[in-house]
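J.: So you can see what is in the structure, the chains are spelled out below.
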Amino acid sequence: MAKKLEELTDGVIETEFLIIGGGIVGSIAALRAKKNNKDMDITIIDKARMEYSGDGVGLDNFNQVPLHKEDINRDVTQDDVNKAVFGAERLKGLKDFKLDAIQMKNAYISQPLLEEIGVRIREDDGSLKVVQGYRKGTVWGRVEYDENGKPTEPLFGTFSRASDLKMKLGTAVRKTGTRVLDRTMLTSIITRDGVAIGATALNTRTGKFLVLKAKAILLATGAASRLYPYQWSQYPNHLFYTLTSPVNDGGGHVSAFNAGVKLYSMEFSNVYNVSKGINHSSGGGACNWYFKMYNSKGEFLEDKYPDRVVTKAGGKIPGINFLFAPDMQNAEVEKDVILSAKHNATDDEIAAVYFTAVTEPPKALKFHKLAGGLTNERPVECIAVLTGIGQAGGGILRENEYSETCVKNLFAAGNVTGNGGSHGFTWGCLIADHVTQLVKDQKQLAIDSEQLKQIEETRNRVFSPLNRNTEYKVNPLELEDYIRQVNYNFIGIHKVKSKIERAIELIRFAREGAVPLLVASNPHELMRAIEVQNIIEISELHAQSSLLRTESRLVPVHYREDYPELDPKWDNKIVTVKKIDNEIKYDIEDLN
Amino acid sequence: MFNLNYGPKIDYKYCNGCGDCYDNCPMDVFGWDEEKQMPFVAYAGECSICCFCETLCPQVAIDVLIPLHQMLDFGIAPTKLSKKSRFLGDE
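Chains F and W, in that order, are what the protein sequence lines are.
The opening position of the first sequence corresponds to residue 1 in the numbering used here, with each subsequent residue numbered one higher.
The opening position of the second sequence corresponds to residue 593 in the numbering used here, with each subsequent residue numbered one higher.
The hints are simulated quantities; they were obtained by calculation from the structure and are not laboratory data.
C-beta: ideal position from N, C-alpha, C; glycine also.
Among the hints, a few may not be true.
[Claimed, not checked] Here are the simulated DSSO-like pairs of lysine-lysine, each with C-alpha atoms no more than 30 Å apart in a straight line:
id : chain 1 : residue 1 : chain 2 : residue 2
1  : F       : 208       : W       : 628
2  : F       : 578       : F       : 497
3  : F       : 276       : W       : 672
[As the list claims (entries may be wrong)] Beyond 10 Å from chain W on every Cβ pair, some chain F residues (computed):
id : residue
4  : 117
5  : 176
6  : 463
Start from the sequences, fold in the hints, and give me the full structure.
T.: In structure tokens, the structure reads:
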């Protein structure tokens, strides 16, 4: 006899629009939807506290938008996208152009709303400062001018001064009357006949298990950040020194996947250039994006490898394309020591670094200050770190122009779809506009016996580690450490079939042999226990997808030692994965 | 066994129990002592050194200790820092 809903939960909340994740996407979607209809019932759940959660802390620019005023709101062609979307040439065949075109056309859609809540985008005189461009040179952010004082390349970004962006977003959302549930983590998405009708969630402070019923759901849970360790630090630090917010474990990916959502390009875990010693969300401010890099012979990499310079449509990832030059077998970063030339940085470059640093967590400026200020700092070593899935494409596949997944009424945006940064503002607004109309006609579907069974299973799985009475106790963090080391040592940057297969064996062995003994003594630790299970699921998807793509593309993001070349047969093909009748099915599909 | 230096340290001489750190820490590093009505550092190892708590604390009662490896790798010499500035950065 199935239990009743009340017996299974500590609370049921009925809402029209459920937003999972209070980052940039979630915040702007709530604001926009409330703007459209102030009476709409909106609920946001956030695993941390909304004002300080997510990847976005500040906003230093709206990136990858057409510069010229006349370009705003005009229809966008494939050619325009290729010119403007950073990395378009490399991402060709991996990204849906139709969605990029919609995104570009609506690049500024969120700006009035942001300005309304006091986000400082304009200069004091009210003008928009459009200074950031991708120089036809080495690193982004440096602009060159011709003899007439005109930029030599079209510019792409609108600089803003929104160092307190996230706080303002959080405060503004609360003022609209949106129900904000902080410290509440997603544990499953409830579906009925292929339609998303709600979610279950755990309060990581009180341990309360909630059911949230909704007419439409936006999944905005960020990247799967915790897939690889930060190799230069000790346990347990290296688990939380991630590039994007370490709060984001990929729980959104896993819940959606279990609900029938299709994932794509899970083999692409980004490789990023950072300064050794500083890590997550430290972006350009700390990471040498603005400085020239040189090797032990004193050679500047941008002069040594001119074919690797970044152009607006060249589509090579700045920094990384130099670190892994000339090729993966002789990569500078792996054969030599690479430092950043701060000592001969121009004033503009230094200003740009500080400017960017203030939009990062406070640590960025603190580190620079402790090191003596940028001009006095010792050269910092440039290293390559493996980040999670979400910065180089990969994640939840969006199936239509509303950014909807293949589960009806379940929308997704931001890093969870492999499309983050300021694009999140655009999609947050577009989804909110669509949902505003949708909830008017949509009836709340009832929770039936099948859904009750699903909720009960989730509840049992979620709470099973709590005070588990077992002789051998598995510490969630220790298991997470193990899995992430497996990913690093057996998948990593140089992927080989035999090693990836071994990774899969080890991941599965850990799942069967250790997960049943996970132990947590309070809701906080329970959160870590749920997270490691998510990380295990994503690790296997990452490994299997890496195995399937028998070529190298976006090197070093996906480099197969045994298939080192880009294979044209793989143009416009994506690896997808979906759960059908509880079985995981991988596929190689044509990109629409 | 040496204790590793990382994560937030609360100076209870100044802490007034406002709870801003406990409320806002993204990694949920802080716990709350119901009896004393004060925060405490419950999971220092899970600190990502973002330093939000340090800047949020109205009493300036929190110093986030940067792990030694991060300081050395980033070119920060602990010997060059006064006891105070090692954590606060206000030389």
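J.: Hint by hint, which ones does this structure get wrong, listed from lowest number up?
T.: No hint contradicted; all consistent.
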